[in-house]
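Using the sequences plus the hints, can you model the full thing?
For the sequence shown, our numbering begins at 8 and goes up steadily by one.
Since the hints were derived computationally from the structure, they do not count as laboratory data. Incorrect hints may appear among the rest.
Here are the simulated DSS-like pairs of lysine-lysine, each with C-alpha atoms no more than 27 Å apart in a straight line [unchecked claim]:
(1) Lys332 / Lys87
(2) Lys119 / Lys211
(3) Lys233 / Lys119
(4) Lys253 / Lys87
(5) Lys332 / Lys64
(6) Lys332 / Lys260
(7) Lys354 / Lys64
(8) Lys233 / Lys253
(9) Lys260 / Lys87
Simulated DEER-style distance windows between Cβ atoms [claimed, not checked]:
(10) Gly205 / Gly312: 43 to 53 Å
(11) Ala152 / Ala124: 17 to 27 Å
(12) Ser249 / Ser315: 45 to 55 Å
(13) Ala152 / Glu245: 41 to 51 Å
(14) Tyr239 / Ile120: 29 to 39 Å
Keep in mind that this is a model prediction, so the values were computed, not measured. Using N, Cα and C, we set each Cβ at its ideal position, and we do this for glycine too.
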Amino acid sequence: MKQALIRLAALSLVFALSVGFVGCSNNGGDTSGSTSQSGSTSTSGSTTELVDIPYSKGLNEQGLWDGITMSDFVTLGEYKDLTVPVDEVTPTEEELEAQRQSLVQSFGEQTKITDRAVEDGDIVNIDYVGSVDGVEFSGGNSQGAGSRVIAGSQEFIDDFLTQIIGHMPGETIDVVVTFPDDYRDSTDAEGNTMVLAGKEAVFKTTINYIYGDMVYPEFNDEFVSKNLSETYGWNTVEEANSEMSKSMMDYSKYQYLVDHLLETCTVSEIPQSMLDILLEQEEANLTNVAVSNGMDVNTMLSFYGYESLDAFREDFAENAGDQIKLQMIYQMIAEQENLLGTEDQLKEQLGTSFDTAMETYGSPYMYRQMLLSNVTNFLMDNNTVG
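Structure (structure tokens):
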């Protein structure tokens, strides 16, 4: 669990290392690349407000690490004119089938069972209209929209959902329940207060159907043309298989090259100043994720097995090494091959989002992302599969 969070945290620091350039969100910020509603960059385990993320901290205007000479730390190995073994990047039929199935998941339809009685534990669609002493009350009517419930569960008051067991879809029955003594008041159609606490209520309930299994379409030419043409440009299974295979090969090739860089390039050490800044960014990011989910960062980290933010810091420093080394190697390649990002490239990639991105993240950070993207594309273009 801890390792999963560390990997996610570290990967968030180098998110542009995937093939192609990654777009930006619109979290407001200043020219130093911070975004916040609190105006603070400090973090602690008990922070309950959004904090600034200093995206551009430690970078110069070209997107290079300021004051760090990468050649003092990085010795490049072979990184171009390599032949990636075809058998290591070619997807298997099982992998392709998994991709096909993931595409049809969004188009599944749940069957509706109407030819048997409701059983305990069934997921059932019902409609109901509730009344007390013959008067309907606000909040006691499903308005014909259908409510998804579990037969026999305690989702509704009293034994409401136990009483539907044994009845057939299409039946309308009276479900009689008693509201708890502390139940809140409601109103009638005219807005008059109705006391529900301790009162007996009758819910005229229609059992619409029982939810059955999901049924998924067959991945054939008709499915591809109907559902995937607009998004992917595919019209046949052959086209879909070809493009999916190519994308999977590209991804595997990229992963192979990343592993090769980490194996053949030497990074003598990670500069402490670089590690400190990346950790500061990640702490701020984790804090904002926690706050956005209504908790402090220590509480969120506890779900991943960390006793405190300090424990996460120690684990991050120990386990994020490869991702940070990869950043250093990428910068060294960029300097060697003249792959620094340009304003024209950024404008082409970002389009109308250019000004917002520069304001949100700061120009150093955006040039950094362009540099990382350029190196990724360089590696993909200058190494072959064979």
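Here's how the hints hold up against the structure:
1. Lys332 / Lys87: Between Lys332 and Lys87 the Cα gap is close to 18 Å, so the pair holds against 27 Å.
2. Lys119 / Lys211: Since the Cα atoms of Lys119 and Lys211 sit roughly 22 Å apart, the hinted pair holds (cutoff 27 Å).
3. Lys233 / Lys119: holds, 24 Å
4. Lys253 / Lys87: holds, 21 Å
5. Lys332 / Lys64: Within the cut-off at roughly 18 Å; holds.
6. Lys332 / Lys260: holds, 19 Å
7. Lys354 / Lys64: Roughly 22 Å separates the two Cα atoms, so the pair holds.
8. Lys233 / Lys253: holds, 22 Å
9. Lys260 / Lys87: Holds - the C-alpha atoms of Lys87 and Lys260 are around 13 Å apart, at most 27 Å.
10. Gly205 / Gly312: 43 to 53 Å: Holds: the Cβ-Cβ distance is about 46 Å, inside 43 to 53 Å.
11. Ala152 / Ala124: 17 to 27 Å: holds, 24 Å
12. Ser249 / Ser315: 45 to 55 Å: holds, 51 Å
13. Ala152 / Glu245: 41 to 51 Å: 43 Å Cβ-Cβ, so the 41 to 51 Å window holds.
14. Tyr239 / Ile120: 29 to 39 Å: 34 Å Cβ-Cβ, so the 29 to 39 Å window holds.
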